Amino acid sequence: MKLAINWFKYSAPSTFYGLAGKMIPWFAVSSAVLFAVGLYIGFFVAPTDMQQSEAYRIIFIHVPASMLSMFIYLIMAGYAALGLIFNTRLSSMMASALAPTGALFAFISLWTGALWGKPMWGAWWVWDARLTSELILLFLYLGFIALHASIDDPRRADRASALLAIIGSVNVPIIYFSVKWWNTLHQGATIKFTGTSMHIAMQQAMFTVLAACWLYAIAVSLMRVRSIILERERNTQWVSELPEVKP
Amino acid sequence: MKPRQKKFMYIFSALALLGMAVGLVLYALKDNVSLYFTPTQVHNGEAPQGRAFRIGGLVQEGSVKRASDGLTASFEITDTHRSIPVVYKGILPDLFKEGKGVVAQGKVEADGVMHADEVLAKHDENYMPPEAADAMKKAQEAKAVENTGKPKAVPVAK
Chain H
1 MKLAINWFKY SAPSTFYGLA GKMIPWFAVS SAVLFAVGLY IGFFVAPTDM
51 QQSEAYRIIF IHVPASMLSM FIYLIMAGYA ALGLIFNTRL SSMMASALAP
101 TGALFAFISL WTGALWGKPM WGAWWVWDAR LTSELILLFL YLGFIALHAS
151 IDDPRRADRA SALLAIIGSV NVPIIYFSVK WWNTLHQGAT IKFTGTSMHI
201 AMQQAMFTVL AACWLYAIAV SLMRVRSIIL ERERNTQWVS ELPEVKP
Chain Y
1 MKPRQKKFMY IFSALALLGM AVGLVLYALK DNVSLYFTPT QVHNGEAPQG
51 RAFRIGGLVQ EGSVKRASDG LTASFEITDT HRSIPVVYKG ILPDLFKEGK
101 GVVAQGKVEA DGVMHADEVL AKHDENYMPP EAADAMKKAQ EAKAVENTGK
151 PKAVPVAK
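Keeping their order, the protein sequence lines are chains H and Y. When you line the first sequence up against our numbering, it's residues 1 to 247, in that order. When you line the second sequence up against our numbering, it's residues 1 to 158, in that order.
Okay, chain H solo, but in the shape it has when bound:
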């Protein structure tokens, strides 16, 4: 194997298709293992919290899902921008492939947050800045998917939805800093650059699940981008020669 990898080679859908296929099992298996380890530590090893007792354990799902929903949006907007600037098909396909996973994480974040809010705060939902901006993030994902689906020509759909994705990225810093800029019911950041105000076993569980979520997101996005590649390139020579396509 050559050490110097020609990265531009993999910006072609035909070569990336095979590479993605080889990578998926690794990400999927390591994600499953880390989920099991992280959730085990979270539910059986980590101690109870002094204020919230057992109910705090929802952070092991809620926090990774929220973080991923924001990170994936930025990555999606980044890919969309690359597609817009360099006119690379694969970048736009990656953006489309990331959107449903991001929307899923945004939904999980809101849902688990509501389940947590009822016993802890006393309300399923409040219109505070953090919750509202996260809801807008979910709508941006859904808007991106809907806009892309509503335009028949995929290249035009790429361009239109890329614009939406890029504009929407303004929302991500608003979500992150909302608890700092305004009075919110949602508590401030636990994980800061200056340190984390959390017990070590709780941290281990949360960061393990976070890594698992990352790997899961990569695995399913690669699966999805492979389907998108097949769908969009169905009339090309290389697709018709694939062993799984050949009759």
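Hints were generated in silico from the structure; no laboratory data involved. Quantities reported herein were computed from a predicted structural model and do not represent experimental measurements. A portion of the hints provided could be inaccurate.
To be verified - Simulated pairs of lysine-lysine, DSBU-like, Cα-Cα distance not exceeding 35 Å:
#1 Lys97(Y) / Lys180(H)
#2 Lys9(H) / Lys246(H)
#3 Lys89(Y) / Lys30(Y)
#4 Lys107(Y) / Lys89(Y)
#5 Lys9(H) / Lys6(Y)
#6 Lys7(Y) / Lys9(H)
#7 Lys7(Y) / Lys118(H)
#8 Lys118(H) / Lys97(Y)
#9 Lys89(Y) / Lys100(Y)
#10 Lys143(Y) / Lys65(Y)
#11 Lys118(H) / Lys100(Y)
#12 Lys180(H) / Lys22(H)
#13 Lys30(Y) / Lys7(Y)
#14 Lys30(Y) / Lys9(H)
#15 Lys118(H) / Lys107(Y)
#16 Lys89(Y) / Lys137(Y)
#17 Lys97(Y) / Lys143(Y)
#18 Lys192(H) / Lys138(Y)
#19 Lys118(H) / Lys138(Y)
#20 Lys89(Y) / Lys192(H)
#21 Lys100(Y) / Lys180(H)
#22 Lys65(Y) / Lys138(Y)
#23 Lys2(Y) / Lys180(H)
#24 Lys137(Y) / Lys118(H)
#25 Lys2(Y) / Lys192(H)
#26 Lys100(Y) / Lys30(Y)
#27 Lys118(H) / Lys192(H)
#28 Lys137(Y) / Lys180(H)
#29 Lys97(Y) / Lys192(H)
#30 Lys100(Y) / Lys137(Y)
#31 Lys138(Y) / Lys100(Y)
#32 Lys65(Y) / Lys180(H)
#33 Lys118(H) / Lys30(Y)
#34 Lys180(H) / Lys192(H)
#35 Lys107(Y) / Lys65(Y)
#36 Lys118(H) / Lys6(Y)
Assemble chain Y onto chain H, guided by the hints.
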């Protein structure tokens, strides 16, 4: 400039402009975006008059009193500078405790008391097991003894 660079510049400057616009809008809406007013703001007359709004702060230590009907509770919300008395009839959330964060929604009547129809607990960003909290409290007490020569009352978290 190559067309690609031009495109990049357009997108980048559009995003920067948009970011600035959103920033200005949010800055202008600052008071409307915030979920609650602090007791100091209410004292300064920044809160809306004659309609319901939210007050947020800490539950004043030793201010919680329960009426004989077992459902009505009165307490004070403080930001350590000013405080506002609150009366609430209903079930308080589990995390409602003296010295902890709270947000109450209701109308401030002429007597200066907020008659709340919703009380929410606001918890903080610290997560630790009860033993660690106890150890921290003991350490604080020990420190207080060292500093003053006699034990100092430390507010109890529970």
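If you draw a straight line from the CA of Lys89(Y) to the CA of Lys100(Y), is it 35 Å or shorter?
19 Å, holds
Between Lys97(Y) and Lys180(H), is the straight-line Cα distance small enough, at 35 Å or below?
23 Å, holds
When you check the alpha-carbon spacing of Lys137(Y) and Lys118(H), does it fall within 35 Å?
Measuring from Cα to Cα gives roughly 29 Å; hence the hint holds.
Within 35 Å, alpha carbon to alpha carbon, are Lys118(H) and Lys107(Y)?
Holds. Lys118(H) to Lys107(Y) sits at ~23 Å (cutoff 35 Å).
Please verify whether Lys97(Y) and Lys143(Y) have alpha carbons no more than 35 Å apart.
The given pair, whose Cα atoms are some 25 Å apart, holds under the 35 Å limit.
Holds or violated: Lys107(Y) with Lys65(Y), Cα cutoff 35 Å?
Between Lys107(Y) and Lys65(Y) the Cα gap is close to 20 Å, so the pair holds against 35 Å.
What's the verdict on Lys138(Y) and Lys100(Y), does the C-alpha distance respect the 35 Å limit or exceed it?
19 Å, holds
Take a quick look at whether Lys143(Y) and Lys65(Y) sit within 35 Å of each other, Cα to Cα.
32 Å, holds
Proposed proximity, Lys137(Y) with Lys100(Y) (alpha carbon, max 35 Å)
Holds - the C-alpha atoms of Lys137(Y) and Lys100(Y) are around 16 Å apart, at most 35 Å.
Restraint status (C-alpha distance of Lys118(H) to Lys192(H) at most 35 Å):
It holds: about 26 Å lies between the C-alpha atoms, which stays within 35 Å.
Lys30(Y) and Lys9(H) were given as a pair; does the straight-line alpha-carbon distance stay at or below 35 Å?
49 Å, violated
Going straight from one Cα to the other, do Lys118(H) and Lys138(Y) come out at no more than 35 Å?
Roughly 33 Å between the alpha carbons, so the hint for Lys118(H) and Lys138(Y) holds.
When held up to the earlier numbered hints, the structure conflicts with 7, 12, 14, 20, 23, 25, 36 and fits the remainder.
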